[in-house]
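Chemist: Use the sequences and the hints to build the structure in full.
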Amino acid sequence: MKIEFDPSYALGDVSGSAEDLNLLARMVAEGEGVIDLPSSAATGRHDLTGVEVRDTPGPGVLLHLDASRRVLVISGDGPARAVLADNLREMAELDDGGHLHIEYFPDHFYLAEGSLALVVNSPHGGMPRR
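Residues in the sequence shown are numbered consecutively from 1, following the numbering used here.
Source of the hints: derived by calculation from the structure; they are not laboratory data.
Fair warning: there could be bad hints in the mix.
[Unchecked claim] Now the in silico label distances, taken between C-beta atoms and shown as ranges: (1) P38 <-> S8: 22 to 28 angstroms; (2) H124 <-> P59: 29 to 35 angstroms; (3) A67 <-> D96: 32 to 38 angstroms; (4) R69 <-> D95: 32 to 38 angstroms; (5) G97 <-> D55: 28 to 34 angstroms; (6) H46 <-> D95: 27 to 33 angstroms; (7) D36 <-> A117: 35 to 41 angstroms; (8) L100 <-> A67: 20 to 26 angstroms; (9) Y9 <-> G125: 17 to 23 angstroms; (10) D95 <-> T56: 33 to 39 angstroms.
Beta carbons are placed, not taken as given, at the ideal position from N, Cα and C, and that holds for glycine.
Modeler: And the structure:
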């Protein structure tokens with residue numbers, strides 16, 4: 001798995017195998033876990049070094065950057081995390097390219113205000129081959 005972060009847009013970009021995305025989905029659903037990304041994945045100036053998932057009261061899911069550790073932190077309540085986990089599983093199961101934009105807007109049904117924007121890419125690439 002690789003997670004790039006563009007500080008000028010406060011945007012994360014996640015790419016990885018179906019196994020990577022399913023592992024992340026499972027952690028999000030369970031509300032706990034840490035993925036330490038291998039040093040070979042953190043080669044760029046804005047690449048992140050890991051993901052941490054926390055169960056918190058919410059409401060909603062908050063995606064934020066722990067800048068000092070260069071870690072994406074995903075925290076929130078169970079029902080909101082379940083929606084995000086389902087979205088991650090759907091991306092893992094795609095048999096073609098594509099990507100999912102996860103971005104907060106007022107009255108978002110599962111993201112908390114202040115969440116970073118995140119793009120999750122299909123294991124087959126960001127754009128469909130059709």
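Chemist: Evaluate each hint against the coordinates.
Modeler: Structure-based check of all given hints:
Checked against the hint of 22 to 28 angstroms, the pair P38 and S8 passes, with Cβ atoms roughly 26 angstroms apart. Take H124 and P59: their Cβ atoms lie about 34 angstroms apart, and the range 29 to 35 angstroms holds. A67 and D96 have their C-beta atoms about 35 angstroms apart, which keeps the hinted 32 to 38 angstroms range intact. Range check, R69 to D95: about 35 angstroms between beta-carbon atoms, so the 32 to 38 angstroms window is met.
Take G97 and D55: their Cβ atoms lie about 32 angstroms apart, and the range 28 to 34 angstroms holds. Checking the proposed 27 to 33 angstroms range against H46 and D95 shows it holds: the Cβ atoms sit about 30 angstroms from each other. Checked against the hint of 35 to 41 angstroms, the pair D36 and A117 fails, with Cβ atoms roughly 23 angstroms apart. Checked against the hint of 20 to 26 angstroms, the pair L100 and A67 passes, with Cβ atoms roughly 24 angstroms apart.
A C-beta distance of roughly 21 angstroms is found between Y9 and G125, which places it inside the suggested range of 17 to 23 angstroms. Distance hint for D95 and T56: a CB-CB separation of about 34 angstroms, consistent with the stated range 33 to 39 angstroms.
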